Amino acid sequence: MQPRRQRLPAPWSGPRGPRPTALLLALLLLLAPVVAPAGSGGPDDPGQPQDAGVPRRLLQQAARAALHFFNFRSGSPSALRVLAEVQEGRAWMNPKEGCKVHVVFSTERYNPESLLQEREGRLGKCSARVFFKNQKPRPTINVTCTRLIEKKKRQQEDYLLYKQMKQLKNPLEIVSIPDNHGHIDPSLRPIWDLAFLGSSYVMWEMTTQVSHYYLAQLTSVRQWKTNDDTIDFDYTVLLHELSTQEIIPCRIHLVWYPGKPLKVKYHCQELQTPEEASGTEEGSAVVPTELSNF
Amino acid sequence: MQGTPGGGTRPGPSPVDRRTLLVFSFILAAALGQMNFTGDQVLRVPAKDEKQLSLLGDLEGLKPQKVDFWRGPARLSLPVDMRVPFSELKDIKAYLESHGLAYSIMIKDIQVLLDEEREAMAKSRRLERSTNSFSYSSYHTLEEIYSWIDNFVMEHSDIVSKIQIGNSFENQATPVLKFSTGGSRHPAIWIDTGIHSREWITHATGIWTANKIVSDYGKDRVLTDILNAMDIFIELVTNPDGFAFTHSMNRLWRKNKSIRPGIFCIGVDLNRNWKSGFGGNGSNSNPCSETYHGPSPQSEPEVAAIVNFITAHGNFKALISIHSYSQMLMYPYGRSLEPVSNQRELYDLAKDAVEALYKVHGIEYIFGSLSTTLYVASGITVDWAYDSGIKYAFSFELRDTGQYGFLLPATQIIPTAQETWMALRTIMEHTLNHPY
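Residue numbers (the UniProt record's numbering), protein chains in the order written: chain A, 1 to 294; chain B, 1 to 436.
Chain A extracted, bound-state conformation:
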């Protein structure tokens, strides 16, 4: 496999020279459609290095947003996917409306424990249309993906996970998943996968054309008894937003049953301003320790 590289020519490839030092956002607000076929780079790169980061970054943003939405919509903690590679895409930018992106990308199964070995032959392909409404979150997404896992197998794995969750003893005495050294105990994987599923909803809703999120850590979990066999739990996650580097604590309440759509409610902490800040040491990375009712 070739290393990923600058495959996308700059939208305004013209004479070399210093470009105006404009805001990144201002640059995005161009009327002309940006055609950016991903394969044009090839092993022999075109003559000059391409300042192609802008459309490439936007395509990645769109792909990630689409995946968060896809994962949430699938409602299946056993069928989670992550971005492998953006293959091609184009974007249309309109100062009044926002930014429309069409992107094609490959995915692989989300399995933090496996490294490289499983990658071969396990790539699914997705095509998505993502509409970022002028800096607003909750992009509109239309996404289809080729199947990565057989439906029956997925259902079996979901059910297995469901049973593992039901068998957990409450109150769960968990400090963090993963622990500070990155380790997830195998017995805790079901919790993590379900938390990732629920967080996908949150991350999709919060994504804009400049903000994108990762799930950094799960810091508390509480499972509730239910009358109707659903899995019901509250948890606190720390999301990492890349462009601001902020760690955002969110409290999430999730209700799940295999095969049924996921129900999620959440509340994320706002970034502290100097006026609002209390005298706590942890600053903007404070995690609220009590779970109150939403």
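Worth flagging that the hints you see were computed from the coordinates, not collected in a lab.
Each hint can be trusted.
Here are the computed lysine to aspartate or glutamate pairs in the DMTMM-like style, where the Cα-Cα straight-line distance is at most 25 Å: (1) B:K351 with A:E88; (2) B:K212 with B:E144; (3) B:K351 with A:E85; (4) A:K125 with B:E364; (5) B:K359 with A:E85.
Residues of chain A clear of chain B, computed beta-carbon distances all greater than 12 Å: (6) Y159; (7) S187; (8) Y266.
So the derived label-pair ranges between C-beta atoms look like this: (9) B:R185 with A:N134: 48 to 56 Å; (10) A:K96 with B:E364: 34 to 42 Å; (11) B:G262 with A:W224: 41 to 49 Å.
From a predicted model like this one, the values you see are computed outputs, not experimental measurements.
Even glycine gets a Cβ: it sits at the ideal position worked out from N, Cα and C.
Dock chain B against the given chain A, drawing on the hints supplied.
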């Protein structure tokens, strides 16, 4: 190899019985004076009466001295212990026997005993203070890393030394490892890890890399050529206060721990505090923000220390700042989309470095200028370095791409360090071959 056997500096251990104390003073003597006690014996002679006591006293007065009393003739109730050098043994034993002085052999061969004791001491020291027992595939605390640094410098003092370039806000030392084969002010390469404290994989990679350099010097032609002509400086814990905080309180802390009157949030993003486009886009004036740039350029002692050091040195040719995560290799600028004047060269070099990295474990990195690859960021290390005349300024974002993020499992430390090394080596080789 310089360095002294360190046994003599230890305080005496318990049990403190006199013989042991004396033995240890012998070890000290042996260590410092390199004396040899092979074959020497310690004899115990109980004196039966005053006459015998007096006879033993005569031995003490002999010039040149033939015996060395460990417990001299004092009272009848106390036995006399004497060390007899091997060469005098025959004579002394004859003297004792001819005067009817019964003796017993306390120590048959002092040297053997000394060797055993020294071995035991060295063993217990080794467990705590050797870089061989340090685990390169685990994450460590600040104290463990500082301890490792001291051992490392001691064990490889022929090419490694430790330089203190300053202190952190909370007054922690900020040591820098210097790798040098001599010469005065060789052109130099700077590497820093841990400027953002939550990026634990970077410190771990830095430590492994330091060890790799000393291991490969003399074996890897490229590295040997590099070190013969250039010096390498590595600052492993560029943000020690933040790092300590990630262990004690908040694993995801990024900034340093500086406090200012009237400001309720703590810490400045050390990678926004440099004097290059300071305060511009991609940094934040809100002290509660993770990318708070601080009140002014270089306001943070951790940054000022590096600026002062590199500026005073005056001969740095490359600077590499290591972060995580995202799997990227980038060059300036971060503060704007403006390309640097040697953009083509840096692009090609980054491409080579990333290919060398990929060959190790198949991990894919993307590369390009910081502003186009990652995001616009102002007041960053590599921009300052470039503006200060360091043509080869690179920033790494190590593994992974978000599955674990900052919490990269320790099992990935060595693979990450191995592949990163190949990229570093590529950059350093290019720097060597393109003097300016």
